[in-house]
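Residue numbers (our numbering), protein chains in the order written: chain A, 1 to 364; chain B, 10001 to 11060.
Some clues are possibly wrong.
[Claimed, not checked] Heads up, simulated PhoX-like pairs for lysine-lysine below, C-alpha to C-alpha not over 20 Å straight-line:
#1 B:Lys10986 to B:Lys10972
#2 A:Lys283 to B:Lys10003
#3 A:Lys283 to B:Lys10270
#4 A:Lys2 to B:Lys10484
#5 A:Lys283 to B:Lys10225
#6 B:Lys10499 to B:Lys10413
#7 A:Lys226 to A:Lys296
#8 B:Lys10552 to B:Lys10626
#9 B:Lys10945 to B:Lys10751
#10 A:Lys302 to A:Lys324
#11 B:Lys10978 to B:Lys10947
#12 B:Lys10499 to B:Lys10512
#13 A:Lys315 to B:Lys10340
#14 A:Lys280 to B:Lys10225
#15 B:Lys10972 to B:Lys10947
#16 B:Lys10652 to B:Lys10626
The set of hints was computed from the structure by calculation and includes no laboratory data.
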Amino acid sequence: MKLKLILADGTEFIGDSFGYHPTEESCLGEVVFNTSMTGYQEILSDPSYCDQMVVMTYPLIGNYGVNRDDFESLTPALKALIVREHCEEPNNWRNETKLSELLTHFKIPAIQGIDTRQLTRIIRMHGSMKAIIVSEKTDKSKYKELLAQNLGNDQIARVSTQKPAHHPGDGHRIVLVDYGYKKNILKSLLKRKCDVIVVPYNTSFEEITRYHPDGILLSNGPGDPKDIPETLETIRKIQERYPLFCICMGHQVFALANGADTEKMKFGHRGANHPVLDLKTEKVFITSQNHGYAVKSESIAKTHLEITQINLNDKTVEGLKHKKYPAFSVQYHPEANPGPDDTHWLFDEFLESVFKNEVARAKV
Amino acid sequence: MPKYKDINRVLVIGSGPIIIGQAAEFDYSGTQAVQALKEAGLEVILINSNPATIMTDSDIADKVYIEPLTKDFLLKVLYLERPDGVIPTLGGQTALNLAMELAEDGFFERENIKLLGCDPDVIRKAEDRLLFRNVLESIGEPFCESVIVSNLSDAKVFADRIGYPLVIRPAFTLGGTGGGHVHSETELEAIVKSGLQNSPIKQVLVEKSIAGYKEIEYEVMRDEKDNAIIICNMENIDPVGVHTGDSIVVAPSQTLSDREYQLLRNSSLKIIRTLGIKGGCNVQLALDPHSYKYFVIEVNPRVSRSSALASKATGYPIAKIAAKIAVGFTLDEMINPITKTSYACFEPTLDYVVTKIPRWPFDKFVTANRKLGTQMKATGEVMAIGRNLEESMLKAVRSLEIGTHHLELEKLKTYSKEELLKALDLIDDERLFVLAEALRKGITPEVIVAKTKIDMFFVQKIFNIVKMENKLTTENLTPELMLKAKRIGITDRKIASLKKIKEDEVFDFRLKNKIIPVYKMIDTCASEFASTTPYYYSTYEVENEVSASSKKKIIVLGSGPIRIGQGIEFDYATVHAVQAIREMGLEAIIINSNPETVSTDFNISDRLYFEPLYIEDIYHIILQEKPEGVIVQFGGQTAINLAEPLSKKGVKILGTTLENIDRSEDRKKFEALLKDLHIAQPMGVTARSSEEALQRAKEIGFPVIIRPSYVIGGRAMQIVYGDTDLLHYMKSAVHVNPEHPVLIDRYMIGKELEVDAICDGQDVIIPGIMEHIEKAGVHSGDSIAVYPPQSIEKKILDELVETTIKISKALETKGLINIQFILSNDKLYVLEVNPRSSRTVPFLSKVTKIPMAKIATKFILGETIKSLKLKSGLQPDQALVSVKAPVFSFAKLVDVDIALGPEMKSTGEVMGRDHTFEKALYKSLLAAGIKIPQFGTILVTVADKDKDEAVQLMKRYYRLGFKFLATAGTAKALREAKLPVREVRKIHESTPNLLDEVRSGHAQLVINTLSKGKDVASDGFQVRRAAVESGVHCLTSLDTTSALIKALENHNYGVEPLES
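Okay, chain B solo, but in the shape it has when bound (with noise of 0.2 Å):
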């Protein structure tokens, strides 16, 4: 029953897109609140423009909107169901801006609509600088001195004051956008200005740096009756400085003595008592290690990623428990959802160690500064658990997925003391890998605290992995021995190359020794409750928790934490075949390290081990549970790549067999399958050097697109011109080496498609087709992809689906497939097959309302499109059109050329539904953020070829209205046009130039498709930045500026004068 007599129906604000700094967690929060909110007796509303999300899966909420988190929808929404409250705390920055933004406007109060869970007042309160810290000083709560800017020349006064090195934060922001450390004027001068452009309010604050300083975190919640909790606290390994984000972060925290841990632990209490929130909070503090001195950095007054975490790490579901804060429940009423035996107010005490390691995108933006400071980068986080701190943190290095399996990188094995010296000046994503190598290097512990910070209980245990390290190879393994070195978690394959053994020895020895992990339960209270939780981690001790049930067992492999190329829509994909399997009666156990994700909710499964996506550690699970079998097909490649190694262990892969997964991703047997099938595939061919590189690729002709073989989300991927290009390429992108060859194609200009398809061996299901707007060329998870196809002929879509169910019946395919095509003078063919489920699947699951995820799982156990009563082929198109259009983070990423490539870039994505394609392009491309200028001025910079197209469009532009600024070659062609243009000058030129005009706002769109590449100081690099820094939004794909044209003609009236 609702608590509030007069609140039965709210609307709860999603957080949207995947961004740097706002992603998976607020899936997982969001779909928990929601799920919470029905259970309390109320109906709920729901809007969010991302289709990737459990949260937007039709039975989660009442009803769905997946339409543009902007005012203007958000009020249209508002309008049509009128409820009687909103929930704005559950959707991220995002949903609490927007709903902020409706508060001022006087919205809520004259609509007679309540804004629950958070008060406006209380918002501002903890979000702006100002009158944070007006709160903190009334309540003697000490913070940092400094100053709220709106302008750059109050800054520099209050840095002549104070001294460098300062801290620039600007207000409103996500992960911190725009900001960060100063230690000079020049940098002041640059810092500040991009955060007064990038805060809505514009406004910074300038404070004193404490870097150095102990980054403590406090997890706060509250409800109306004044009952406050402490749920979590973290401690950073990472001092002050960086951002919480981007830290290495433990839990509970573990340097902090009683004392220590009371202080902050009533400051953060205050701070929420005194501003008065109700539900969940974040207090982020800063501790001097030599003193009780502190300082507040800041609050969250909403759940968070920190909040995610923190559910993770302690068990105690923050989300569900604040959304029913938010609509009147208290704690001392709700029980302890985890232990069922006690009660939601409590404060949950860990008997293990959790560490949290972000996932940053480096990988995949060389280019991009990796340092690390007040801006967050990483795009997702794993999260370990272990009953010590080495063990936890090795488990979290190896969910990683870098590369590496154990605290060490093979690039830094080559560093002398000197070079580790010097590095561990940086603060970059692989700080603490250096650290290690320096402690192997015989850098002493005191070196590196001095350099770096960090406290020396962390440092010494990291010191103690490399100590057994060196144990490991001078010493005779014994099993005493070996149970230490498990115990703080190092790797069967790393003891086998200390001890110069193979890894199945290891294992061998201690199969016979019986050092296997047992499973540990996470219950909030350190087992003083009896509790039920099926949520467990492996550590090395005695008893094992885990009970052995007799029920058929499917295990599901998660995909890790979110990455570019693997996001969230695996996390959707592997909850749903979790669903499937429960709903056909069988136990479904999950595998996954992302703390973030709605399928590491203990809820969603009937077991959850939280463990690292690592053989080993897999291998483990399986011997403890012996399922009927493994499904790696919706955990992305992560989950793919461990199909091969479980195999040979002997472990059954359910659905696609491996030798027909490997007949897809091996080159050359996939190569044979089309040719036997007579499909036409865009001619390829391998190299093992720089030199047979070089020759091949004459022989197919250039452009060509080369990559390294078996790769994620096409990394390191490229289309090259010519020969100097394609040396340049070999040298600096790949290691190529015999095992490791790269893949060189023809370059083939035209229109993709993109299907995927659910087949039980037998026959197939087509849900529908996907027409990429960007041409081939532009990775198809940057693309806009639209359903159904709206400009292709009905006879190349007849070829289509009998080539792609020719492809999954040759495959045997059980369970999902996803095939890109390219249509090229007419001609069909198929780019790439991945025999698993796709980054589309939720979308197109979504639009056609064909649960392809669960239909999948269903056909992997056993069922058939007959059993299931399905209609095989391709499936009738729906009425609406929807548009997918990725998201990007280029704000926050530094030196990262956002021109689109074969490279994927893009973070996230959004869906736009309407009854014709155009105008579910503009809401799309809404959904996405872009600021879509109705007239004003376009910055157009294109390359040559680029030259014709580009002013056939540009006409349409300025019949609505635009006016245009253009380089030389450009300009010319425009007036050449007759279409009204400004001249400006090249960077190389005198001031101003084509940077300058970005940079003071003389453009509101920028279209350039100049010098694409990875080098860092051409033009059309800088122009690109210059925009993405400035907020102006910037197209790279003529294809894109085509599309948006369309859509601005729809949704605008164009003028004409009568014809005389």
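Just chain A, same shape as in the assembly (with noise of 0.2 Å):
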């Protein structure tokens, strides 16, 4: 069965279906590439990619198929998956499912068959943009209107926690404030030995304390940073008290909570090959990307943060801290998953902090 990829600028694609498939219902989303060439299940399974169609640069995906333990969230959030070719006979010890199965129970349109690397280049020239997928049948004169619809502002919330959940740890307690937490940011900390209290993004700073926390760290998670200001104050509250990490999308709260500026990228950075410099250590990181708005570099210098990392290819901001508090935070994924975990010491720097934090306090 085919099905049809329609930009907004207008490009048509038409591929071969291979997860599940819409007939009637159009599916609308942002269109972004990742260049990862392993790390499809946890790419596919990362909440932060909730409204969009990820394409796959790696022309061959779902190689190794799908198992128990790659998932970086129950359900996935990504809108479609495209791929030049999907793995009909996926081989490795841990697979369990194929990859179209996968897709297919969780109702997510995929498409293969097509030019992904034509697709990559218009995003990189002209953006990412918004995208449709559908049957063939769909009637053309519907394209525009289709594309016209609103992809809403509301992703964080669709794909936050409802209610706290507790993971318990003999070690320090530490909020995990979700905005579309990747699970091995829970894990990096429970690795830690953390007793770790998932909460809601919207979450406020007085039922944030009730839990005593002894450190917070703000999630990764998708859409603008723009679209959650009610939990700005939050932050600032949380600074001041709490030693505090952030990710991904965290950082870009954390810096607008700061009073910098965000704003949106071309194409945004997904991939497991980003160079990020260190600007104390003058040290280069590997890291795994996977945002699509920054934090405006020039907006720092009115702020009290710090840059502390800088992307070494386009030196968009990768690493702020507070000049006051113990709050520091990043935009790539020092979890990982895909990708290398060259900054997984990041977990112990935080920690650490939350135990230099712990050793005042006592003195205190």
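Two independent chains are provided; combine them into the complex using the hints.
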């Protein structure tokens, strides 16, 4: 069965459907590309892809199937997966099911057989854009109307947990504010023996304090950081009181809360090979990234923030820290999955600041 | 500006001659690195003994020494030049070992010369198995249980404890020489012994075998700031057990989940950091296909064959960056040379699939053991790029030039299911084809996986190809089906044969339905960054990324994989042709499939198409580029063979016309040509059946040289002395049929002479003439060649020049021409004319300082001797004598007779250059790696016809202090000449016999001219093999023996008593 992908600029692609096959309804999303050669399972289950159609630049996807362990959330949030070739006969010792079966199960449309490099080049040159996926039968005259639909700005609300959840551990208590967290952020904390409470994105400061946390982690999440202005005040209060570590969306709202600005990037950073330069050590780390917005570096000057890391290639802000409080952030994903875990030590650094804060508090 | 204030002049050590395990990849990386160092503001001095390289061109480094890569000569250059630093990590194991040798002596500290890009401690830790194991242990990285032994009994103790199978790896050897898998105590004994023999530090590693694990490689780079990145990971389709150089490899890894990818990535980075390597490094790992368990196999702390492959597979120039790191640059300050818009400190990402298939020499060495194991046997490799695995693999298959354009071998078609099942158990060069044939005959993927341990993923991909064949056979050829077939890389020819239609019909059908390939760019970043790198591959997609250029363009065809008979020399000429085209202001486009070479460096040409040298693929590029024409004369026989099919398609062949090429290659026409010109040639005939061959051979008289028509490098050529030999040859060596007759020539004994000339269609330049040391009968590629000739009368040389001019003119040659002569009883005969660049062009270009390929290209494009203000005729001799000596890889190839004959066997060449012939010869032999004994014992066993000559030569060896071992016949002859000889037993006699003498190191040189041929059981064969395997040099020609004594006499002082 064929499916059509129509970009906002009018470009049409026809490919073969290999996931859920929408017959009547259309699927609307923002098309973005990811350059990771492995890790499709993690990517498609990363809540940050909410409302996005992901093009994998590597042409063979699904080679090792889908396994029990590599999900970054229980329910994939992405709108569609676009690949050159889906593997019909996957093989890996952990393989449980084919990628196509997983996609069908979660009602995610998927297209294979299109020139994904051409699509990627369009996005690189013209920026990520809205697109629709429709069946061949859909009347062409409808495209315009369908593309005019709004994607909304409630992505975080949709992927964030509705109720707090407790993941017990013997160590520091960390409140993980869920903008759409990847499972491995939680795991990275649990591995370090933390006692983690995951809370909805809009949890109030008061409610957070009621958990008596030792530190706060703001997670990754989908969409525009400016969609959740209601959280900024909470963040300002948090950083005054608790050691704070922010990842991806967390990094962006942390910047906004401190008076910096964010902007939409042309096509974002999505992949497992982005070099980040640490300005203090002058060392470069290869990082896993997934973001379409970035903190404006010129907006930092008038804040109490300091740029700690930049992207080696386009010099965008990759890391910030607060000059007064033990609060810091990174734009990329130190929890990896997929991609390199060269920066997993950031979790240790965070917990160290948590520990120092405790010692300081004990002295007081 | 140089980064290190005190480093302004550096010496780069090259890798020397091409041998199995160390090939053209070091010309590619070396050339790139030298250019990078110059870019960094350094003065670069190079030492390399291999004249057939771009690296040793005078315009690459600031100063080039083509001298033997031995400690003595390296020291001479170092003392003369006094560089600030030495870079030994770009010249393979050869360079690294040399530098380590000097480091052990404390040379670098003593002389205050820095060893750059390499810390001897690091190298020791990476290469000494025990030290490396300690390093792994200290960082908790897993390694296979093993023991390092320096004697057999320790190996046995370990084997008793661990059990079989085990793998034996000698320390510090090229391509794992002397190692292997063993399944029993007998095998253990044999391989441990040869391993100890081969290891320069007399150590071997005995290790638990993990055959069946996935073999994964990571190419890693690190700088002095400790930035460390992965350039590329690669997965061997062949599981652990086959040397990675002999494995079919894909990039990136295909069957690894991100967890597994990162697990091994982390391990690789941890290792390079712990070792403290600055520059490039290759880490090989074995991953259990059923768990996260893995083992580190080994690291190569330098650029390697794998790094060359990774560079071509990703576009990331590893050698260039490694060279800059060696002189102080860091990854984060260097721009990615491909995109020019991003930095070198990142990890390339691919949006295509790369397949590498090794090219093995078994078509030449029919007796060789084809089994693949830990000892590398391939001479070269091909790489192919596609948007899916099938396409990439099929393109690689047709790049191999092994007589098939599809994943099938004619000989396997008749195999029954049972035979195929049996064949699947063999791990040899044909396994991939056996696998496909097995699937065709209904053997299930499960059975194949169980037998081969090849991952199901790959087997299924091959199955997809077979399924498509079935579809093509049974279904109607719709545009949809056609597109699907083309997308997975099936050729028009295969589609035509399955559909039983003409190939042209398939092509026309495609054209009508617009099913033609587009070209995509290799850009290191999956198009995330804008890039203008002119490096392309074809695929059946939508968007074409090659933008039409209005400039005049010339396409140059490369020479494909390195194989015996068609080596790096042709890549050298190809690169020069491209340079000349660009000098003339035209656009030069290269098509080639060899990842190891300079010609496939994207910086060389205006556009590089990394594509099979297969007519369909080439024609597509021609349709895309619409060039002025195609140059075929630099890419060896590969390119020449494409002249006719291209011409048939209406493509203009530039240079010597197809008709004239044919006149030199078609035997009948060639005979007629020489007759017209009144030029003599040895009497020859053609035969189309065994009976005819016998009759005609009798007519011209034995001995005869017999060979199939249209061959490269004298393949399957043999000297035949009588009826039985001849019939045996006809039965075993060739498939004779009316279309492919055999050629029979009278075997003439005489001096061989060779000339390369350049002709503009009217006038001829002859840069020089070469005289061969070995008599006719030894392939010219295996002979020692001397420039200028040393023993030829002027009258003969004049005649030779005249004949060369006559032939060149008669063939209206435009470009290069190579002519081989034989001087027999003072009469000159023409043996062979090759209307193309030859093996000797780089050598002759270097020694005469005449850039032959460049001039030839300019002639092809319309310049003339006059317009370029050159002088026609034979050019004056140079003051120095230059000797080109062949280099062999016999140690790697079991069951191959090392005796020189009409079939070429050498893999590489070296050059010796000095003021006298003797000195130049001595240097060339040293450079060839021959351990020349200054005194000691020579084991002599010669055929009866050679006895007199041998005795005369032995008298001279005796005077220098040699004594002799010989079997009865030869011993008698030596005794009669009053030479000191100890008689030894023949092989079939009781032990200790002659083999034992060789194996126990009682002889320092072996001279053997016995029973040449393919009979593996013959005494001569066994003695020669025993010599190779014991590391004793073996001479199989008295001409070489005579040359050697000349060199030795010149080098040594004899002693004589006073006459009383």
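Each hint, compared with the structure:
1. B:Lys10986 to B:Lys10972: Status holds; Cα separation ~14 Å.
2. A:Lys283 to B:Lys10003: With a Cα-Cα distance of about 18 Å, the restraint between A:Lys283 and B:Lys10003 holds, given a limit of 20 Å.
3. A:Lys283 to B:Lys10270: holds, 16 Å
4. A:Lys2 to B:Lys10484: Satisfied, since the Cα-Cα distance of roughly 15 Å is no more than 20 Å.
5. A:Lys283 to B:Lys10225: Since the Cα atoms of A:Lys283 and B:Lys10225 sit roughly 7 Å apart, the hinted pair holds (cutoff 20 Å).
6. B:Lys10499 to B:Lys10413: Holds, because 18 Å separates the two Cα atoms, which is no more than 20 Å.
7. A:Lys226 to A:Lys296: holds, 13 Å
8. B:Lys10552 to B:Lys10626: Measuring from Cα to Cα gives roughly 9 Å; hence the hint holds.
9. B:Lys10945 to B:Lys10751: holds, 18 Å
10. A:Lys302 to A:Lys324: holds, 14 Å
11. B:Lys10978 to B:Lys10947: With Cα atoms ~14 Å apart, B:Lys10978 and B:Lys10947 stay inside 20 Å; holds.
12. B:Lys10499 to B:Lys10512: Roughly 18 Å between the alpha carbons, so the hint for B:Lys10499 and B:Lys10512 holds.
13. A:Lys315 to B:Lys10340: holds, 15 Å
14. A:Lys280 to B:Lys10225: holds, 13 Å
15. B:Lys10972 to B:Lys10947: holds, 10 Å
16. B:Lys10652 to B:Lys10626: holds, 10 Å
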